[in-house]
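Number of protein chains: 2
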Amino acid sequence: MSSSDGAHAPGRVAGPAFVLINPQMGENIGAAMRVMANFGLDDLRVFAPRDGWPNERAEAMSAGSPLYASARVTDDLEQALEGCTVLYATTARPRGMVKPVMTAREAMSEARGLIEAGQRPGFLFGAEKSGLPNELVARSRAILTLPVNPQFASLNLSMAVGVLAHEWRAGDPAPEEFKPLEEPADAVQLVRMYEHFEDELERAGFFFPPEKKPLMTQNLRNIFARAGLTEQEVRTFRGAIKALTIGRGKARIARD
Amino acid sequence: MSSSDGAHAPGRVAGPAFVLINPQMGENIGAAMRVMANFGLDDLRVFAPRDGWPNERAEAMSAGSPLYASARVTDDLEQALEGCTVLYATTARPRGMVKPVMTAREAMSEARGLIEAGQRPGFLFGAEKSGLPNELVARSRAILTLPVNPQFASLNLSMAVGVLAHEWRAGDPAPEEFKPLEEPADAVQLVRMYEHFEDELERAGFFFPPEKKPLMTQNLRNIFARAGLTEQEVRTFRGAIKALTIGRGKARIARD
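Chains as they are written, first to last, in the working numbering: chain A, 1 to 256; chain B, 1 to 256.
Keep in mind that a hint or two might mislead.
Cβ pair distances, simulated, as ranges [to be verified]:
id : chain 1 : residue 1 : chain 2 : residue 2 : range
1  : A       : A117      : B       : N134      : 38 to 48 Å
2  : B       : T85       : A       : G118      : 14 to 24 Å
3  : A       : L220      : B       : M97       : 41 to 51 Å
4  : B       : K129      : A       : A227      : 24 to 34 Å
5  : B       : A60       : A       : W53       : 21 to 31 Å
6  : B       : D172      : A       : G113      : 30 to 40 Å
7  : A       : W53       : B       : T245      : 30 to 40 Å
8  : B       : N134      : A       : I241      : 31 to 41 Å
9  : B       : I241      : A       : A138      : 14 to 24 Å
10 : A       : A204      : B       : G83       : 50 to 60 Å
11 : B       : T85       : A       : R50       : 42 to 52 Å
12 : B       : D75       : A       : E135      : 45 to 55 Å
Over the 12 Å line for every Cβ pair with chain B, so calculated as not near, a few chain A residues [to be verified]:
id : residue
13 : R34
14 : R50
15 : T103
16 : R105
17 : P133
18 : F152
19 : M193
20 : E195
21 : A204
22 : P210
23 : E211
24 : K212
25 : N222
If you're looking for bench data, these hints aren't it; they were derived computationally from the structure.
Backbone N, C-alpha and C fix where the C-beta goes; we use that ideal spot for every residue, glycine too.
Turn these sequences into a full structure, and let the hints guide you.
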């Protein structure tokens with residue numbers, strides 16, 4: 001299997017295996033390959049796809065995912081499951097089997113712990129129409145079911161894969177490059193801005209009746225305190241106040 | 001909007017609104033409608049879909065989702081956002097804007113709290129190629145970004161909707177109807193089974209050398225303790241032991 005796609009950043013453990021059992025639609029196989037790569041998973045096995053392999057529709061929907069080439073596609077079930085030490089059966093139907101029932105979040109959290117302990121969990125996904133055969137549910141440690149609306153429960157196969165793939169990473173913090181570079185304003189910069197704003201409002205006759213000024217001031221300061229301004233935003237807003245007061249002066253001159 | 005699809009079980013709060021901005025592919029709109037209904041969400045707004053409306057591909061991919069009929073499809077942006085009190089901008093690219101950056105899990109958790117406080121959060125999804133316009137990111141309370149692999153970051157639009165829709169329900173416990181009805185075996189039933197098994201193993205000469213019997217017994221009991229047997233399973237396993245010992249007797253008679 002390829003590990004050249006950057007999914008394995010240093011210190012990041014390799015994810016679980018996903019195993020599609022008898023998938024029917026090439027589109028779903030391809031979409032599964034795409035979304036697994038999106039969330040940094042690279043161990044896909046495809047057991048006995050209905051339309052054979054290679055599959056043009058799968059390739060198109062995989063959108064260049066490295067998993068189109070690296071997935072293990074096989075008609076041998078034991079080869080598809082090779083190396084998996086713990087299986088999870090995703091299923092939409094109760095099976096009446098005595099087995100723990102987990103949500104995606106619970107199962108992926110358990111799987112992460114197992115991986116850290118040196119195990120290799122595999123998540124099994126059944127065919128679009130029929131789901132997993134009972135034989136494979138019986139071999140699984142737990143049943144994994146998604147919290148779907150019982151009145152509209154039929155989840156697309158690649159969506160189920162996508163939801164599980166996201167769960168693998170869902171606890172990661174938001175990436176650093178999204179964090180803004182600007183410095184947050186400190187309390188002194190903020191109070192100077194508040195006072196500038198309030199002085200101009202005072203001059204404009206905004207605080208009326210005067211005994212309400214403390215409450216009105218407090219309400220205005222609340223807005224900015226919640227917003228969490230940067231130094232640049234403080235400068236911008238003070239510029240806006242200045243422009244309004246000068247503009248007001250101009251307008252008054254024009255009207256007078 | 002329709003609320004006849006059972007998404008609103010008694011006591012369940014209505015979910016957030018999802019707003020697709022200029023979606024290009026009817027397939028993605030339909031897949032979004034399907035997966036929102038899967039996870040019990042019913043407030044979808046579609047602003048200015050590229051190929052107009054109605055859209056046959058969207059209808060086919062919606063797979064009978066009630067959202068195909070109930071979604072608000074409009075070319076008026078303010079109508080698409082109507083009623084939303086807090087916006088979240090889903091985006092794959094850093095925008096250099098000063099704004100909280102959240103994961104899907106963090107944002108949906110915050111949105112749940114806002115809904116309980118009477119607010120109506122809206123999640124904005126941009127077009128497949130171009131994403132959200134900066135104008136809408138600027139109007140949002142926070143940027144929401146998914147933990148994708150930077151080397152393969154392009155997530156299908158309907159997948160992004162699906163991952164967020166699942167987050168709405170991801171904390172729900174596994175449904176009751178999946179829980180097995182069988183009674184778990186109690187400690188006495190289990191120890192009788194253990195003793196039955198060990199007596200037959202003793203007779204068969206399994207515990208050799210004899211001083212290892214305590215450790216071997218402990219290892220065997222460990223297996224069953226981990227598995228968590230039901231009363232029925234205890235009966236089945238004791239039946240299996242009986243069959244093996246009788247079978248062994250028979251085999252021995254036949255060989256002798």
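> Does T103 of chain A sit more than 12 Å from chain B, CB to CB?
Replying inline: 5 Å, violated
> Against chain B, does P133 of chain A keep a CB gap of more than 12 Å to every residue?
Replying inline: Answer for P133 of chain A: holds, closest chain B Cβ roughly 18 Å.
> So the hint says 42 to 52 Å: do the beta-carbon atoms of T85 of chain B and R50 of chain A match that?
Replying inline: 47 Å, holds
>> Using Cβ atoms and 12 Å as the threshold, tell me whether M193 of chain A really stays out of contact range of chain B.
In response: Non-interface label stands for M193 of chain A: nearest chain B Cβ at 15 Å, farther than 12 Å.
> At the C-beta level, are W53 of chain A and T245 of chain B separated by a distance inside 30 to 40 Å?
Replying inline: 48 Å, violated
>> The hint says 14 to 24 Å between I241 of chain B and A138 of chain A; measuring C-beta to C-beta, is that right?
In response: 20 Å, holds
> Is the gap between the beta carbons of A60 of chain B and W53 of chain A within 21 to 31 Å?
Replying inline: At roughly 26 Å between Cβ atoms, W53 of chain A and A60 of chain B fall inside 21 to 31 Å, so the hint holds.
> Okay, T85 of chain B versus G118 of chain A on CB: inside 14 to 24 Å?
Replying inline: 48 Å, violated
> Okay, A117 of chain A versus N134 of chain B on CB: inside 38 to 48 Å?
Replying inline: 46 Å, holds
> Would you say R50 of chain A is clear of chain B, with no C-beta pair closer than or equal to 12 Å?
Replying inline: Answer for R50 of chain A: holds, closest chain B Cβ roughly 19 Å.
> Does the hinted range 50 to 60 Å hold for A204 of chain A and G83 of chain B at CB?
Replying inline: For G83 of chain B against A204 of chain A, whose Cβ atoms are near 34 Å apart, the range 50 to 60 Å is violated.
>> Beyond 12 Å on every Cβ pair: is that true for R105 of chain A relative to chain B?
In response: 5 Å, violated
The structure is inconsistent with the numbered hints 2, 3, 6, 7, 8, 10, 13, 15, 16, 18, although it conforms to all the rest.
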